[in-house]
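My request is simple: use the sequences and hints to build the entire structure.
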Amino acid sequence: MSGFGYRIIGGTAQEVPVKEALAPDADLVWVHLSTTAEHAQLWLRERAELPEYVVDALTAQETRPRCEAFDHGAFLNLRGRSSEELDTSDLLASVRIWAVKGRVFSVTRKPLVAVAAVRKEVEAGRIVDPGDLIAAFATAITADLDPDVADLGDRLDSCEADLDAARIFELRRTVTQVRVAAIGYRRFLAPQRTALETLANLPGEWLHEDDRRHLSSAADRAARMAEELEAIRERAALTHEALTDLRAEQLDQRSLIISIVAMVFLPLTFITGLYGMNVDNLPYQHEPWAFDAITGVCALIAAGVTIYFVQRHWFQR
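For the sequence shown, the residue numbers in the numbering used here are 33 to 349.
There may be inaccurate statements among the hints.
To be verified - Straight-line alpha carbon distances no greater than 30 Å define the calculated BS3-like cross-link-like pairs of lysine-lysine that follow:
no.	residue 1	residue 2
1	Lys142	Lys152
2	Lys133	Lys51
3	Lys152	Lys133
4	Lys51	Lys152
5	Lys142	Lys51
Claimed, not checked - Simulated restraints on C-beta separations:
no.	residue 1	residue 2	range
6	Leu195	Thr44	54 to 60 Å
7	Pro299	Asp324	16 to 22 Å
8	Asp252	Ser287	50 to 56 Å
9	Gln93	Thr44	32 to 38 Å
10	Thr208	Ala175	26 to 32 Å
11	Glu84	Pro49	37 to 43 Å
12	Gly185	Asp252	16 to 22 Å
13	Leu195	Thr226	34 to 40 Å
14	Tyr307	Val342	36 to 42 Å
15	Asp252	Pro49	35 to 41 Å
Calculated directly from the structure, the hints in this document are not laboratory data.
Remember, it's a predicted structure, so these values are computed and weren't measured experimentally.
Beta carbons: idealized from backbone N, C-alpha and C, even for Gly.
Right, dumping it as structure tokens:
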């Protein structure tokens, strides 16, 4: 079972092995487990002596951002970026947190980028209670996601500014990737805002006023990102439609050129086909100048048809 523990006494944090983290006389104990193994459930149930419903919530396989109050503690599920590449249908990894006065347990199945930032806050002595730790998690997750959301907007801006018929397939692929990522992020950021707001309004002495303000700030930031992602999704749909129209216009132009070429050669094909028949008594078939004459007539017809189309502006884009 992989993980780590911190014991915070008088504002000073000491990292200890998981099995030693629950020793008494600490102002705050933080135990983080990163595992999918069943013995994590046994440790949480037997060593940490957590209730069965808390163990099930901490080790559930399918999770969405939520916050629930149980007795004297609270369960919080958040989503953030992972250092591993995840499936496109589930772009964010989860962290499940159980907090009571003096103790916080967190569990992840995939490595979460925000965990490193939270550890730095703990080691710097800025975490003294469960509220500080949860607020640090919420702030680190939203701060880590913000550049990714901004990058999606920048990529879409580049596509909108460079709608080139020669790059239609490349642009459509980029727009599709941006749209899929925006939908995947927004799927979790919208309920994450609700979860953080719910936690900020929970009663309890272990949440101080400054913790509630930090949680509300993280919730507002998550809401702003969710709104930006919704705008990106709508812009991506409009850009995709514009690329589809551009592709249709490109195909129409090519079809027009093919039709014009066919119209130019249609009368020429008729004449050459007529004089190519293997029959007797064709006009002038034995005259020495017949080939040159027919070639000249074909050239005049082709020039006449081309001039007609030019005058009708069929060649204009």
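Quiz item: Using the C-beta atoms of Tyr307 and Val342, is the stated range 36 to 42 Å upheld?
Solution: 28 Å, violated
Quiz item: Measuring from beta carbon to beta carbon, are Leu195 and Thr226 in 34 to 40 Å?
Solution: Cβ of Leu195 to Cβ of Thr226: about 37 Å, so the range 34 to 40 Å holds.
Exercise. Measure nothing beyond the straight line between the CA atoms of Lys152 and Lys133; if it is 30 Å or shorter, mark the hint as holding.
Key: 22 Å, holds
Quiz item: Does the Cβ distance between Leu195 and Thr44 fall inside 54 to 60 Å?
Solution: 58 Å, holds
Self-check item: Consistency of beta-carbon spacing, Ala175 to Thr208, with hint 26 to 32 Å
Solution: Given range 26 to 32 Å: holds, Cβ gap about 28 Å.
Practice problem: Return holds or violated for the Cβ distance of Asp252 and Ser287 against the range 50 to 56 Å. | Solution: 53 Å, holds
Practice problem: With respect to the beta-carbon atoms only, verify the hint that Gly185 and Asp252 lie 16 to 22 Å apart. | Solution: Holds, since Gly185 and Asp252 (Cβ atoms, about 19 Å apart) stay within the stated range.
Quiz item: Regarding Gln93 and Thr44, is the given constraint of 32 to 38 Å on their beta-carbon distance met?
Solution: The hint (32 to 38 Å, Cβ to Cβ) holds, given that Gln93 and Thr44 are roughly 37 Å apart.
Quiz item: Is Lys142 within 30 Å of Lys51, Cα to Cα?
Solution: 21 Å, holds
Self-check item: Outcome of range test on Cβ distance (Glu84, Pro49; 37 to 43 Å)
Solution: 25 Å, violated
Quiz prompt | Pro299 versus Asp324 beta-carbon gap, inside 16 to 22 Å or not | solution = Hint holds: Cβ distance 18 Å, inside 16 to 22 Å.
Quiz item: Holds or violated: Lys133 with Lys51, Cα cutoff 30 Å?
Solution: 20 Å, holds
Of the numbered hints given earlier, the model fails hints 11, 14; all others are met.
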